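Using my numbering, the first residue of the sequence shown is number 183, and each one after it goes up by one.
Note that these hints are calculated values from the structure, not bench results.
Given the structure is predicted, the values throughout are model-derived calculations rather than measurements.
Warning: the hint list may mix true and false statements.
[What the hints assert, rightly or not] For lysine-lysine, the following BS3-like pairs were computed, each having C-alpha atoms within a straight-line distance of at most 30 Å:
1) Lys426 <-> Lys405
2) Lys492 <-> Lys426
3) Lys394 <-> Lys266
4) Lys266 <-> Lys405
5) Lys426 <-> Lys266
6) Lys227 <-> Lys455
7) Lys426 <-> Lys493
8) Lys461 <-> Lys227
9) Lys394 <-> Lys405
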Amino acid sequence: MTHVATSASDASMQTRAVTAATIGTALEWFDFTLYGALAATLLPKLFFPAMEPTSALLASLATFGVGLAARPLGAVICGSLGDKFGRRNLMLATVSVMGVASVLMGLLPTYAQIGVWAPILLVVLRIVQGFALGGESTGGQLMAIEHASPDRRGRYSGLLGICSPVSQILANAALFGLSASLSAQAFESWGWRVPFLLSFLLVIVGVYIRLKVHETPAFAAMKQAKQVVKVSNPLRDAVRLHYKPLIRWTLFFCGPAAIFYLIVVFSLSYITKTLGVPKQTAFMLLMGANIFAIFGALIGGTLSDRIGRKKALAIGSCATLLISLVYFSVLDTRSFVPMLLIMGLFLGFTQYQSGIQPVAFAEAFPTNVRYSGSALAYTGANLLTGGPMPMVSVWLLSISNGSPWAVVALCAVLNVISLAAILIGPETRGIDMHRTDSTQALTGDAADSATLNSPGSTANVSGIAPVERAHGMRNSH
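Could you put the whole structure together from the sequences, leaning on the hints where they help?
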């Protein structure tokens with residue numbers, strides 16, 4: 183009877199954990215989708231009216247990149263604190279900061295009202311928001327994955343992956359509805375602010391649920407090994423002991439990150455400005471593509487539980503490589519159904535990989551550096567290719583006289599690098615999530631630390647049987 187009650191309690195906590203992580207991730211993508219769509223369409227006029235159109239668009243997209251550039255700083259600080267003091271408290275702080283930044287974004291005066299202070303304050307808010315998101319994205323993922331049973335990690339990872347497309351559908355639906363129901367003057371004056379202000383409701387729900395979630399079992403187990411916590415310096419140890427998986431996973435995610443922002447930010451600008459498609463139609467295309475993305479994330483996460491992370495990721499990477507070669511040619515037809523299908527397939531297979539990313543990153547690092555390592559890889563990739571991709575694509579299009587083939591070539595190169603990073607790495611499905619680095623490695627024993635680059639080689643020094651073993655799971659290594 184006690185075992186049944188314990189199992190029910192564990193299942194309830196797993197549900198709370200994945201719900202809390204999902205809401206935080208949804209808020210992240212809701213805000214970023216809003217800003218990305220507006221940065222490509224309306225914000226150049228409102229915040230950079232003194233510039234000529236191309237320069238204003240580049241400046242607006244640069245503010246989008248600034249938010250991503252601040253994420254590594256948030257990842258470094260929040261990741262180190264989360265590995266040292268726990269995941270739960272950091273998650274409460276980051277979601278609160280995100281909500282405040284969103285509300286202030288919705289209240290921000292434009293260039294016509296306060297002049298040059300408008301773009302300055304816009305950049306400041308993007309930095310604050312990016313900092314919080316740097317800690318939130320990975321922390322939320324770990325909250326769900328570390329609570330999950332070994333055979334459901336991929337499924338939970340896929341659920342986190344649907345937050346992006348669901349939030350984009352809601353954000354673009356809000357923008358589409360407001361732009362369609364309001365006059366152009368009303369939308370430019372106050373209509374675009376409404377979704378930012380309403381996003382604060384997600385924050386309230388997110389904080390409430392996170393207050394009901396316990397600390398993750400993996401971190402709780404590590405805390406009992408007091409010597410590991412005492413001598414560990416998460417950021418230093420992640421870079422010193424686990425630089426190989428850190429570099430490999432950063433390079434992998436450079437591909438999906440770049441393609442994602444190419445589709446959801448640059449494509450809006452390309453479709454509306456270069457091809458002359460109405461904004462409402464562009465928003466509808468993106469909403470339709472995100473329906474494909476929902477199924478992609480769920481399929482990717484679930485499939486990775488069956489065939490492994492490595493094989494599942496390789497399938498998605500090969501698909502996006504092939505689609506990238508024909509993407510712009512199909513868009514150039516200006517025919518709604520072919521445009522919807524190609525955008526849907528491109529975003530669907532991109533999100534298929536993003537549905538596997540949380541569990542793949544979490545399994546690659548031991549508990550004492552899992553937050554820091556995962557956050558550095560995730561935000562590093564977004565900094566290197568995600569944020570700059572829309573701006574670089576606009577520049578490549580301008581120097582190529584409107585031809586998209588330079589953008590296609592860039593996508594293909596990044597995709598090949600991503601695929602190579604997948605293929606050279608080990609399989610991690612079923613790995614022990616309670617493992618930590620040994621105290622000898624943490625204190626600088628060269629002979630011991632040399633063995634720690636493989637995810638399966640770290641020691642379990644917590645003194646508590648790992649969840650995998652307790653459930654009879656076999657380590658894949």
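Each hint tested on the structure:
no.: 1; hint: Lys426 <-> Lys405; in the structure: holds (26 Å)
no.: 2; hint: Lys492 <-> Lys426; in the structure: holds (16 Å)
no.: 3; hint: Lys394 <-> Lys266; in the structure: holds (21 Å)
no.: 4; hint: Lys266 <-> Lys405; in the structure: holds (9 Å)
no.: 5; hint: Lys426 <-> Lys266; in the structure: holds (22 Å)
no.: 6; hint: Lys227 <-> Lys455; in the structure: holds (14 Å)
no.: 7; hint: Lys426 <-> Lys493; in the structure: holds (20 Å)
no.: 8; hint: Lys461 <-> Lys227; in the structure: holds (15 Å)
no.: 9; hint: Lys394 <-> Lys405; in the structure: holds (20 Å)
Of the numbered hints stated above, none is contradicted by the structure.
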